[in-house]
Structures are given as structure tokens and as C-alpha cells.
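Q: Please take these sequences and the hints and turn them into a complete structure.
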Amino acid sequence: MKAHLKKSLELLDKYLNETPKHIINEELSFFDKLDYEGVSFNKYIELFNIDTFNQFGIEYVKPESLDDFEIDVEGVSVFSSYKNEVIYSHKEYIDIKQKSSIPVQYFTNQYELDNAS
Amino acid sequence: MKTIGHHTVENRNTFNYIEQNGPFQTMDRNPYLGKGFYFWDNNYHFAKVWGNIHYNGNYVICQATLHLDNEIFLDLVGNRENIMYFEKLIKKLNRENWPIGKFIEFLKKKELDEDFKGIFPFKAIRALDYDKDNYKKYKFAEGKTGYTSLRPIFIICLFEKTELLLSDFKIIYPIIKKWK
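Chains V and Y supply the protein sequences, listed in that same order.
According to our numbering, the first sequence is numbered sequentially starting from 1.
According to our numbering, the second sequence is numbered sequentially starting from 1.
Quick caveat, the hints were computed from the structure, so don't treat them as lab data.
Just so you know, these numbers come straight off a predicted model, no measurement behind them.
From the three backbone atoms N, C-alpha and C, an ideal C-beta is built for every residue, glycine too.
A portion of the hints provided could be inaccurate.
What the hints assert, rightly or not - EDC-like cross-link-like pairs, simulated, lysine to aspartate or glutamate; straight-line CA separation at most 20 Å:
#1 V:Lys21 to V:Asp32
#2 Y:Lys109 to V:Asp13
#3 Y:Lys2 to Y:Glu163
#4 V:Lys14 to Y:Glu114
#5 Y:Lys102 to V:Asp32
#6 Y:Lys92 to V:Glu10
#7 Y:Lys110 to V:Glu18
#8 V:Lys7 to Y:Glu105
#9 Y:Lys117 to V:Asp13
#10 V:Lys2 to Y:Glu111
#11 Y:Lys117 to V:Glu18
#12 Y:Lys123 to Y:Glu105
#13 Y:Lys35 to V:Glu27
#14 Y:Lys117 to V:Glu27
#15 Y:Lys48 to Y:Glu19
#16 Y:Lys108 to V:Glu27
#17 Y:Lys92 to V:Glu27
#18 V:Lys6 to Y:Asp69
#19 Y:Lys102 to V:Glu27
#20 V:Lys21 to Y:Asp113
Said to hold, decoys possible - Partial chain V-side listing against chain Y, Cβ under 8 Å, derived:
#21 Met1
#22 Lys2
#23 His4
#24 Leu5
#25 Lys7
#26 Ser8
#27 Leu9
#28 Leu11
#29 Leu12
#30 Tyr15
#31 Leu16
#32 Leu28
#33 Phe31
A: Here it is, written out as C-alpha cells:
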């Protein structure tokens, strides 16, 4: 087996064997709950690439109150809600955004993680 | 290896912008191979099919040369070692009900952790989209049931947009007058 594949499997073993079980469970169950499926806009974050919106000449805005909110994926904007708040808004998606009222699992976790650190 | 990639976007008459800034990250909420920049592996035909279905025939097809070097390329189409490796990853994580895209996103997230750098060292992935509606069968031999496809759909997802991964990005459909 090629060295980089072998290393990858070894690192996965290291993760599974050396990380406390409750952390592994937490990390995996976070992804278990992450709802990529379905048609509803309510249950997951929407990730869009800023380039895509530039392509269409559409503006995107980030509310000032969330200026200190870090988004860890470069070049990606987030359209959803966190506890009924707008996280990252887009004029063309106002209607969709307003339908989004259920706390979003990923963002909830990420937000709490950021605030805890 | 190198291959030709085809990338379909909606036509909003922004040709200049597309050539200067493409490819574009998928807007799909539930992408097959996780977040990234999607191409069909040398499949102009299916790029058109996609444009007709998803953009009502109002689309632009771009072409690029993709540079997929071994150590950053997870090939789930033509590399049995890569396929067996990926299946091992899935089994080790004990989440065989997860879709492929979710595994990839999980592993990409772990890769960001300095302690596990190298757990998923890839920048691009290729997989077969086994779509029965587009999987035209050709029998191998008379009287035998075995068949193959001469029109397989290979999807390539680049996790990032860099010159190392792609070059010569240009619009090939519609044919338009070159602008200055």
C-alpha cells in the first residue's frame, strides 16, 4: 500500500484508539445529526460560494452584529439562522432565509465552541 | 495523471466573469463528494445533459485540464488500491450508513487538526456516478449476461481551486465571440 494511504489509516487508528471515547462519540454523532438530506431549508446550513454570487452580480451582506463571527471555510458564506437570527444574509434569499427558524445543529455547535474558547 | 474536466454553470451572460473566476463551488445542498468544485471527467455529452435538466437549456460549459497527482488524488474509479483503502476508512469509522459525501466532510475536518494531519491528504476525488438511466449497457459476448458501459459518468470534485489542480479553464459552449 502506498505510504500516504498507509499513513492515513494509521492516523485514523490513532484517532480511534487514543481519543477519549466520549469525544469520538460526540464528533461522530455531530455528523450523524448533520442533516444534509431532504428538501427543507430548516434543518441545515446553506453553504454557498461567494464566487458564485459574484458570477451573478448579486450582493451578499453580513449583519454588523455578527462581524466577530468567524466562518472557517474560506470563500464560503452561510445562509441560515441561529436561534432565529440571521447568520449571513443574502438579498435574493430573503424569503428562504426567513423560513429558517429551527436552530441549526452545525452552527449551534460551532457557535458554542467558538464562544467557549 | 491529467484529464479533461467539464463544468456546467447557468448562463447569465457573464462570460468574462466565468472565464476569469471559474470554476465555481457547488451550490448543491447535498453534494455527492462533499463541498468543492465539480467536473465531469471528459464528458461534454453529460455536461450538456446536466445543463438541459438543471438550467432549462440555458447553460455554459467550461473545460479545464485537471492535474491529478497520485498523492493528492483519491481515485475511486480506476485505482483498486484507492477504492480498497477508502472502504477500510469507512469500515473503521463504523458508519456504513453515512453517504460518501458525509465521510469526506468528516475526514476533511479531521485533516484540519494538526494531530491528525495526513488522515485525509487529498485535494481531489473521482467517483463513478452509477446512474442507471445514463448507464448504457454493452454486452461483452453473445449468450453471456456480463456487460459494461461505454458511457460511464465519472465525477471529479476538487476540494480547492488552485493552479496546481487545474489549468486552461475556458468556455467551450456556447461558442461566443472573444471579448477584450
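Q: Which numbered hints turn out to be false for this structure?
A: none
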